[in-house]
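Protein chains in written order, with our numbering: chain C, 29 to 533; chain V, 4 to 399.
Be aware that a few hints might be false.
[Claimed, not checked] Quick partial rundown of chain C residues pointing at chain V, CB under 10 Å, derived from the structure:
no.	residue
1	Thr34
2	Gly109
3	Lys161
4	Gly162
5	Lys173
6	Thr209
7	Ile389
[To be verified] In the SDA-like style, the derived pairs of lysine to any residue whose C-alpha atoms are separated by at most 25 Å in a straight line are:
no.	chain 1	residue 1	chain 2	residue 2
8	C	Lys120	V	Arg63
9	V	Lys357	C	Lys54
10	V	Lys357	C	Tyr157
11	C	Lys54	V	Glu43
Treat the hints as calculated values from the structure; they're not laboratory data.
Where is the CB? At the ideal position from N, CA and C, for every residue including glycine.
What follows is the residue order along each chain.
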Amino acid sequence: MAQAITKEISEQLKSQIGEGKFSDQKYSRITYRLSHSPETLMFDLDDFTPGAVVWPESVEDVQKILQIANEYEIPIDPVGGRTSSADSEGIKGSIAMDFARMNKIIELNEKTMRFTAEAGARVSDCLAYVAKKGYMILEYPTMNKTSMLGSRAAIHGYNKYENRWGSSGMHIKGLEVVLPTGDVLQLGRGTSYPTKSVVGYNLMDLFIGSRGTLGVITKVTERIIKTPPAYHYGIMAFKNYKDGIEAYIDLRNAGAHIGPIWRAKSYNRWLLKQAVEGMMGAKWPDDVEQLTDYHILGEEDVVAATEKHAIDILKAHNGFWRDDLPDSTFVGRMHETMEKYMGMAALGSDRNKDGGLGERIVPYDANIPDGNLVEFYGEALAHWHRMEDPKVYPNLSKRMRVLSPGAPVPTDEGHTKNWALGLASYTPKWNEEARQEYYDWFRKYAEICWKYGGSVTATHGYVPRAIEIEILKKELGDNYYNLMRQIKDVIDPKHIMNPKTKFRF
Amino acid sequence: MEKVNVNLQGVEFESYMPQIQTCVNCYCGLCVAYCPALEETKDESLSARGLSQIMDGIGRGELHLEDLPDEVIYSCTGCRWCEWNCSQNTPLWVTQQGDRSTKVSGATMSEIMRSMRVEKGDVPKAVKDALDGIARFGNPYGRPKEVKDKWVENLGCAFNGEDTLLYVGSMVPYEDRSAEMAEALIDILKKANFPFSMIGGNELDSGALPRYMGEEGLFEDLVEKEIKQFKEKGIKNVVCLSPHDYDAFLSYYGSNDIEFKHYTEVLLDIIKDKKIELKKDINKKVTYHDPCYLGRKHNIYDPPRDILKSIPGLELVEMDRNREMAYCCGGGGTGLWYELPRVHMNYTRVDQAKEKAVDYLAVACPICLQMLDDGVKSRDYNIEVKDIAQIVLEAL
Chain C
29 MAQAITKEIS EQLKSQIGEG KFSDQKYSRI TYRLSHSPET LMFDLDDFTP GAVVWPESVE
89 DVQKILQIAN EYEIPIDPVG GRTSSADSEG IKGSIAMDFA RMNKIIELNE KTMRFTAEAG
149 ARVSDCLAYV AKKGYMILEY PTMNKTSMLG SRAAIHGYNK YENRWGSSGM HIKGLEVVLP
209 TGDVLQLGRG TSYPTKSVVG YNLMDLFIGS RGTLGVITKV TERIIKTPPA YHYGIMAFKN
269 YKDGIEAYID LRNAGAHIGP IWRAKSYNRW LLKQAVEGMM GAKWPDDVEQ LTDYHILGEE
329 DVVAATEKHA IDILKAHNGF WRDDLPDSTF VGRMHETMEK YMGMAALGSD RNKDGGLGER
389 IVPYDANIPD GNLVEFYGEA LAHWHRMEDP KVYPNLSKRM RVLSPGAPVP TDEGHTKNWA
449 LGLASYTPKW NEEARQEYYD WFRKYAEICW KYGGSVTATH GYVPRAIEIE ILKKELGDNY
509 YNLMRQIKDV IDPKHIMNPK TKFRF
Chain V
4 MEKVNVNLQG VEFESYMPQI QTCVNCYCGL CVAYCPALEE TKDESLSARG LSQIMDGIGR
64 GELHLEDLPD EVIYSCTGCR WCEWNCSQNT PLWVTQQGDR STKVSGATMS EIMRSMRVEK
124 GDVPKAVKDA LDGIARFGNP YGRPKEVKDK WVENLGCAFN GEDTLLYVGS MVPYEDRSAE
184 MAEALIDILK KANFPFSMIG GNELDSGALP RYMGEEGLFE DLVEKEIKQF KEKGIKNVVC
244 LSPHDYDAFL SYYGSNDIEF KHYTEVLLDI IKDKKIELKK DINKKVTYHD PCYLGRKHNI
304 YDPPRDILKS IPGLELVEMD RNREMAYCCG GGGTGLWYEL PRVHMNYTRV DQAKEKAVDY
364 LAVACPICLQ MLDDGVKSRD YNIEVKDIAQ IVLEAL
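Okay, chain V solo, but in the shape it has when bound (with noise of 0.2 Å):
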C-alpha cells in the first residue's frame, strides 16, 4: 500500500479502507445516478462508485497519485448527492451517526485525495494561491484584513458587543458579488432592528474552504481560531451569510453555547415577525436554487422559498430538479477556483432555469451566486441571479 499520511478529522487513512471496501462491493450505483461530475462527463472515474474503486487500487498499491489526471481528484463538489441517496448511507442513517466525514462519500474520497497532494506539495495554482491566501491573510484573495475593517466600519456594524454576529465568511467584501449580496442582508437587518454586529478583518475563513481543497489542518485551525474568538467575544448567535461555513461551524463544533443559523433562517423570523415590511410588487417569475450545503446536507429547503412566497407579486416555480434533487451550481469543493475543461455544472443549472423561462435565479450562497451568474453570463441568457436578500430589500 502506498505510505499515505493523510489524516481527516482525526481518523487516518487506513481507517477509510473498510468503508471503501463496503463501497466497491455494494456496488448498487445509487451515488452514481444523478451525479453532476458524472452528468457532466459521463465518465464513472469522477463519481463516488469510480472513486471507490480507484481508491481501492490505491490501497492495493496497484494506482498512484501520479496516474490520476486533476480531473478525478478535483471534480467533486462535495455537493452530497452520492451520499444522500447512499443506500447504506440513508438519511436516517447519517441523522443518527452524525458527521459525514466518518462515511465515505464522492467528497470524503476527493478530499482524501486533495489531502495527499496537499501533502506532496502537488497542487494546482488556482488552488495554492487560494490556499496561501487564507493561511495568511484568512482569506482566499490574500488581501489584508484592513481591507474588510474598513468595509464593516463604514457600514456601521463593527463589534459592539451584541451577542449576536453576522458572519459573512471570507469572500465579502473581496468578491464585489459576494460584498453586495452581503450589503443586502446588512440592510435588511438594520431596517429590520435587529440587533448584531460583525468582527470585521478579524473575521477569517471558516475553514470551509480549505477543507474541500484538502487542508484538513487548516480546516481545523481556522474553525477553531473562529471559535475561540466567538467565545471570547460573548458570542452566542452566529448568523452566517454562507451554507458552506455554517456547516463548518455546525460540523466541527455542534450547537453546544453557541446558535448557528444561516441567514435565509432570521430573514424568514423578520418577515413572519413584521419587522420589515414588504411593499412593492416584485412581478418577476423567480426559480430558487437549492445550495447543496443548506439544503442535502442541512435539510434547509423551506425557509427560503416561504421568503419569496411573501414577496408580493412574485410568482414562485421550481426547477425539475429541485430540493433534494437539485443540481449543484459547480462551486463547492475546488470548483469555484479551478475550472476543468469538462466540467459545466452552472452553465448546466442555468440551462434548467432557462427551462422555466425565469427572469430571476435566486440563491441563498454567494459561491452560488458567482457560479450561476458566471453561469447566465457565459450562456447569454436574460436571466438575473439575485441573492434572496437581494431580492427581499428590492420589495421593501
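Pulled out of the complex, with its shape left as it was, chain C reads as follows (with noise of 0.2 Å):
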C-alpha cells in the first residue's frame, strides 16, 4: 500500500537532491496533476493531485528519487510534455519527476549517425539542433514544441514521417533506464550495440511504450539522416470518403515502392471545415468531403518525378482542387501545424455548448487495416452517434458527443488511425452512471475495432482507466498480459513505477 509523503520523507528527499529541485507546495501540486487525458473530466481532481513534484537535474537525482520513493513505497509519475490523451493525468500522492531540467543535447555523431540527449530535451529543440548541421531526427510529433525525447519512448508515439520511417521505437537506437532499485541500464541496439544478440533478449524495447511502468528513462540515442534537399506539399479534394481513401491507400503503396514520399493521409472534411468556416469566415463547399494529401522529401529530380506520379493517382480517383476551396497552402499549413487546426476546429465547432468552452476532444483511434476502412467506417459511424442517443445512453449522452463524425486518417503500416473527435464535458458533473455507460459504450466500440482487425490500444490508446485490463486481456489474450504482469513484477515489485495503469494490484 502506497504511503503518503510525510515531512520525514520531503526532508529526506530535499537533502538528496537539493531544495531547488522539491516542492510540496499546493500550487505546484495542482500545477502537475492534470494532462490532455479525458480521465480527468470524470473524476474528482483530488484523484490526480501527486503529493510532491521534483525536477531532477541529473540521472544520479533520479535514482536517488527512485531510490527513496522505493523504500516508502510512494508512486512514481515521470511527467513529459503531458499531451498524451492517454495516462498522462497525475497519481495521488505520488511523486512527480519532471524532466523539465534534464535537456541537454548530448552529441551528434556523424559517423555514427546517431544523435543523443537527455529524456527532457524538447523534441523542437533537437529538431533544430541538427537541422543546424543538415540532419535530421526522425522523431517528429504533431506536439514537437512541448514534446519531450524521453516521453516519445516511453509512449512509442507516432510521427510526421510515419509511413515511410514508423513510430518512435523504430528510430531509437539507444536508452538509458533507471529502475525502481536506482540501477542504471544502458541498453541498444545499432552501430553501438548489438542490433541482434542471440544469447539475450531485446530489453531496450520492453522500455520502449512502456510508459513509464518499468522505469525512468533518463538518456535517448536516435538515428539521424541527412536533410533531403526537396520537399513538396500536395493535396487534393474528393466528393466521398471512398475515393478519398482509395487514393490514399494507392498513394501510399505507391510510396512503398517508389519511395521518397514520406506521409500522406486522409482527412475528413468536417476538420477543415470548421477551421476554415469559422476561423476564416470562407465557405467550405457542400460538396468536398475528403483530403488527401502527401509530403514528399528526398532529392529534387525524384521528388519531382514523384509528384507527377502523385498527382496522377490522386486523379485516377477523382481527386481535383477548385477555386472555391481555399488557399492549398493554407491548408497544407493548417495540415502541418495540426494542434491549431484542432484548437481551431473545437472552438470554432457548432457541436459546442459553450463555445468549446469547459469541453474537451477525446480521440479514437482504431488503427483498422486499410482494407477493411471503408466497411469499418459504416458501422462504426453509427457506434460514435450513439454515444449521443439519449435512449441508449440517457446519462452520458448529456456529457459526451461527437464531434467530428469520424475523420480516417490512414497512417502506419497499412493501418488506419480514425479520429472520431468525442467532446467530453466537465459539466454537467460526471456520475456512476455516466461513467458506466461510457464503459458499456467503448467496451462496444472496441468489439467494432476488433472485428476489422483494429486495436483500441495502439496510437492514441486512450482506454477507460476502469476497464484498462479487462480490454488489454481481451484484445491481448490473457496469456499476454499475464507475461506483462510477471515482468512488471519482477522489474516493479512494489508496482511504484506510474501504477495507475494496466498492472494495478
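Taking the hints as your guide, dock the two standalone chains into a single complex.
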C-alpha cells in the first residue's frame, strides 16, 4: 500500500537532491495533476493530485528519488509534455518527476549517424539542433514544441514521417533507464550495441512504450539522416470519402515502392470545414467530403517525378482542387500544424454547448487495416453517434458528443487511425451512471474495432482506466497480459512505477 | 469560490473562468513551449498552462492567493508568447477578435492575480513604489512634472500647436538610458525637419505600466486622460518611443481619429524619403532584439531591421530566437521593477546575442534598453546595447 509523503520523506528528498528541486506546495501539486487525458473529467481532481513535484537535474538525482520512493513505496509519475491523451494524468499522492531540467543535448555523431540527448530535451530543440548541421531526426510528433525526447520513447508515439519511417521506437538506438531500485541500465541496438543478440532478449524494446511502468528513461539515442534537399506538399479534394481513402491507399502503396513519399493522409472534411468557416469566414463547398494530402521529401529530381506520379494517382480517384476551396497552402499549413487546426476546429464547432468552453477533445483511434476501412467506417460511425442518444445512454449523452463524425486518417504500415473526436464535458459533473454508460459504449466500440482487425490500445490508446485491464486482456489475450504482469512484478515488485495503468493490484 | 473583486477592461473575474476552463481542458501545451518564465525556472507553475491550473484552483476554492509566492504572480512579463502560440488563439483568431483581454493568456492570468493582490493591498514594495509614483506624479519614479517640462524646454520641443506629438513615455527623462534614447531620436527628427512637439510634464504614463502591475483602474484613468488631452490639443498623430505605450493607446483607443505609430515606422519613412543622409560607416556586427509588444503584439518586425540594413557598413545578424520566436528581455510585466531570484531573462537574452559575437545589441524600446544593458554589464560582455535611434544618429 502506497504511503503518503510525510515531512520526514520530504526532508529526505530535499537533502538528497537539493531544496530547489523539490516542492510539496499545493500550487505546484495542482499544476502537475492534469493532462490532456479525458480521465480527469470523469473523476474528482483530487484523485490526480500528486503529493510532491521534483525536478531532477541528473541521472544521479533520478536514482536518489527512485531509491527513496521505492523504500517508502511512493508512486512515481514521470512527467513529459503531458499532451498524451492516455495515461498522462497525475497520480494522487505520487512524486511527479518533471524532466524539464534534464534537457541537455549530448552528442550528434556524424560517423555513427546517431543523436543523443537527455530525456527532457524538447523534440523541437532537438530538431533545430540537428537541422543546423544538415541532419534530421525522424522524431516529429504534432506536439513537438512540448514533447520531450524521453517521453516519446516512453509512449512509443507516432510521427509525421510515419508512412515511411514508422513510429518512435523505430528510430531509437539507445536508452538509458533507471530502475525502481536506482540501478542504471544502458540499452541499445545499432552501431554501438549489438543489433541482435543470440544470447539475450531485446530489453530496449521492453521499455519503449512502457509508459514509465518499468523504469525512468533518462537518455535517448536516435538515428539521424541527412536532410533531404527537396520538399513538396500536395493536396486534393474528393467528393466522397471512399474516393479519398482509396486515393490515399494507392498513394501510400506507391510510396512504398517508389520511396520518397514520406507521409500521406486522408481527412474527412469536418476538421477543415470547421477551421476554414469558423476562422477564416470562408465557405467550405458542400460537395467536398474528403481531402488527401502528401509530403514528398528527397532528391530534387526524384521529388519532381514522384509529385507527377502522386498527382496522377489522386486524379485517377477523381481528386481535384478548385477555386472555391481555400488556398491549398493555407490548408497545407493547417495540416502541418495540426495542433492549431484541432484547436480551431474545436473552438469553432457548432457541436459545442458553450462555444468550446469546458470541454475536452477525446480522440478515438481504431488502427484498422486500410483494406477494412470502408466497412469499419460505416459501422463505427453509427456507434460514435450512439453516445449522443439519450434513449440508449441517458447519462452519457448529456456529457459527451461526437465532435467529428469520424475522420479516417490512414497512417502507419497499412493501419488507419480513425479519428472520431469526442467531446467530453466537465458539466454536468460525471456520476457513476454516466461512467458505467461510457464503459459500456467503449466496450462496444472496442468490439467493432477488433471485428475489423483494429486495436484500441495503439496510437492515442486511450482506454478508460476502470476497464483498461479488461480491454487489454481481451485485445491481447490472458497469456500475453499475464506475462506482462510477471515482467512488471520482477522489475517493479512494489509497483511504484506509474501504477495508475495496466498493472494495478 | 473565493470572493474576487477584479475587473479587467470591464470584464469581471468570473467571466474569465470559462476561458480558463478551456485552457485547463485544452492542455495542448503550446503555451508552455518557449515560455520564458518556464525557460528560466523549468517550473510549469509559472507558465500559462500552470497558471490556468492555479486559476482554476482559485476558482474552485482549493487555492487562495496567500498560497501563492510572488514568483507565481510576478514572473510573467506579458511577452505574449503563449498567446501567439496558443492552439485556440491563433494569430488569425487574435486578428479577428481583437484585444487580448477578451482572451486568456499567461499575461491576463498574471494580471488578474496581481489585481487581486492590489485589491488586498498586498503588493511587493518595488511595485507599490512604482504604482504610487505613477498615481501621484504620472511616472514610476515619483518625480515632479517640472523636471520633464525643463528637459523638453531645453531641447526646444515644447508644445507649439503641431498636430504631431512625440510621446516619450514616463521613463523619460527620469531614467538616464531612456533619456539618451529619446534625445537621439529627437536629434534625428530635428535634423530631418520632421514637424513635431512635446507636452512636457503634462505627459503622463500611458497606463501600460500600471496595467501590468494589476492596477487596471489606473490604466484606464491614465489612458483616458492622455487621449483627452491629445484631443484637446488637436493632436492627430502620436509617435511613441515605447512599444508599451503604443500598445496601450492602440488596445484601449484604437486608431480612430488619432494615428499612433511606433518611432521605428516614422524613422524608416524619414530614411526612405531621404530626409536624412546616413553618411558614416558603422563597421559593426549588430543583432536586433524584437521587443515583445512591437513584434508578437503588433507584428512590426521589418521596419527596425530595414533601418539597420540601410546603415552603411553595418552587418545585421539574427539571433536564433528572432521575430515571433524572440526571447523576452524580462522587463515587461513588473520585471523592470521587481527582480525575482530565479528569473533572469535579460541574462539569457544577452547570452543569445553573445553567441553571435556581435558588437551592438540593437533595441527599439526603453525597457529592453535598460534590461539588456543591465544584462550585458552583469555578464561582463563586450557588447554595447544601443537603441536604433542611437545607432542611426551615429551614422549621420
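Hint-by-hint comparison with the structure:
no. : hint                 : in the structure
1   : Thr34                : violated (21 Å)
2   : Gly109               : holds (5 Å)
3   : Lys161               : violated (14 Å)
4   : Gly162               : violated (16 Å)
5   : Lys173               : holds (4 Å)
6   : Thr209               : violated (27 Å)
7   : Ile389               : holds (8 Å)
8   : Lys120/C to Arg63/V  : holds (18 Å)
9   : Lys357/V to Lys54/C  : violated (39 Å)
10  : Lys357/V to Tyr157/C : holds (18 Å)
11  : Lys54/C to Glu43/V   : holds (21 Å)
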